[in-house]
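Colleague: For the protein sequence lines, the chains are C and S, in the order given. Heads up, the first sequence is in our numbering, so the first residue is 1 and it goes up one at a time. Heads up, the second sequence is in our numbering, so the first residue is 252 and it goes up one at a time.
Take the hints with a grain of salt, since some may be wrong.
Said to hold, decoys possible - Label pairs and their in silico Cβ distance ranges:
id	chain 1	residue 1	chain 2	residue 2	range
1	S	Thr-455	C	Ser-38	48 to 54 Å
2	C	Glu-181	S	Thr-455	27 to 33 Å
3	C	Gly-64	S	Ser-363	38 to 44 Å
Since the hints were derived computationally from the structure, they do not count as laboratory data. The structure displayed is predicted, hence computed values, not measured ones. Heads up, the beta-carbon is just placed ideally off N, CA and C, and yes, glycines get one too.
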Amino acid sequence: MKLLEIKNLKKNFDDLEVIEDISLDVEEGQVVAIIGPSGSGKSTLLRCATLLETMDSGELIYVGEKAVTTVDGKAVYAPPKDLKRIQRYFGLVFQNFNLFPHYSVIKNITDPLISVQKKSKEEALAIGRELLKKMALSSKEDAYPYQLSGGQQQRVSIARALALNPKVLFFDEPTSALDPELTGEILKVIKQLAAEKMTMVIVTHEIAFARDLADHVIFMDGGVIVEEGSPEEVINNPQHERTKLFLSRFE
Amino acid sequence: MSWSVLLTKLSEGMLVSVEIFVLTLVFSLPLGLIVTFGRMSKNALIRNITKLYISIMRGTPLMLQLMVVYFGPYYLFGITLPRSYRFLAVIIGFVLNYAAYFAEIYRGGIESMPLGQYEAAKVLGYSKSQTFFKIILPQVIKRILPAVTNEVITLVKDTSLAFVISVSEMFTLAKAIASAQRSTIPFMVAGVFYYVFNFVVAYTMEWIEKKVSYYR
Ligand SMILES: Nc1ncnc2c1ncn2[C@@H]1O[C@H](COP(=O)(O)OP(=O)(O)O)[C@@H](O)[C@H]1O
Ligand SMILES: [Mg+2]
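So that you can see chain C by itself, here it is in the shape it has in the complex:
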């Protein structure tokens, strides 16, 4: 089943064409890795898909429900109450975590469950504790974000996103803000999620990681998909010069 469909997404910032024309489907259980040079529009694509940015035209469909359609070449967003429901289908893990600094680790995870999903405090706590255990952070339940390492903060933010039980989880360079020695712990968590068949779309500069983990790799440059396919095809045997050039920098 297709959990996410993006069709002919276009996005400009004033005169700057950031996304020219991108279409992409994500199947249930699939891990899609998006790679590409910085400034190629990867974050903008994720931000359009997570409704943080409005697209100029194109379609955005989650689990068959249309969030955005296009009429006369202009994007038309679904009414707010529909978007609110559709919002629950996805989660996003930011490059710089964006934890709430005034909330403890456990409250960062439970508060959205209580305030947004209207779960009981007990239920939220049970979910939060379960996830912290999974992230090997049980002992940090009452800590505040500033007391954690970057890697730990990112694991909390992953737990916070997972708590809401999204169908698709987006990651925007989840390890880019971390010291090199801390990236491993995040990659390990994502690997574990992949093993559990979590559907994920990951923007990353960790090429080896993308090769090992992804079912589908997309190489973006200049606001278009230059090349896509299996990791074998795109990373091991790139066909386009731009892909080859980009990958050569990681060797």
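Given chain C, put chain S with the ligands in place with the hints provided.
Modeller: Just chain S with the ligands now, with coordinates in the frame of chain C:
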């Protein structure tokens, strides 16, 4: 006049000063937030009216503003208000003035918040008002506390401006006693009173700052 009479009189005045102080804060702190919303409104008319209001409040002396609030109804509209309006006029004047200052402090705090906090809240599904009151405002309060402390300390001293419309707060009384007695002692005692008042205020603000320093 004996010391005990002087101290009793000034204490009575002090009570009025404290009343002005407390009432001003109680009303101007929330009103300031509403003014900030106006100042940051997407509607240009609302935004510009609020901007003008803030610039007048900050650009003219509070003393003059108190006189306008007190004498204005009579000179502008011929309305005679009872003598008891004096105290109300002081509160209205102070609240309007301080709300403008607090509004600008709030705005600075709100604008200093990283966009990522709004975005995280949005993706997690928080509504706009939940985002503001649960995520943004608590952090803004922590950020602006030092600036608010400055204003609050200034307010303690500003309460003495109520003398222009003869509200019997501490400074007004000190001045009356001083001229009756041909002595400067009442002023000095009043100075000590203001200092003690501010000491308590500063201590309280410090305590609040400690309360919110559990996170960074
Ligand atoms: N809010 C914005 N306003 C104007 N330009 C933007 C904005 N966000 C991104 N851009 C521009 O869009 C291009 C793509 O950015 P981005 O999607 O962040 O790329 P990537 O994530 O691949 O590095 C860049 O040239 C960037 O400067
Ligand atoms: Mg980016």
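Colleague: State for each hint whether it applies.
Modeller: Cross-check of the supplied hints:
no. : hint                              : in the structure
1   : Thr-455/S / Ser-38/C: 48 to 54 Å  : holds, 49 Å
2   : Glu-181/C / Thr-455/S: 27 to 33 Å : violated, 45 Å
3   : Gly-64/C / Ser-363/S: 38 to 44 Å  : holds, 42 Å
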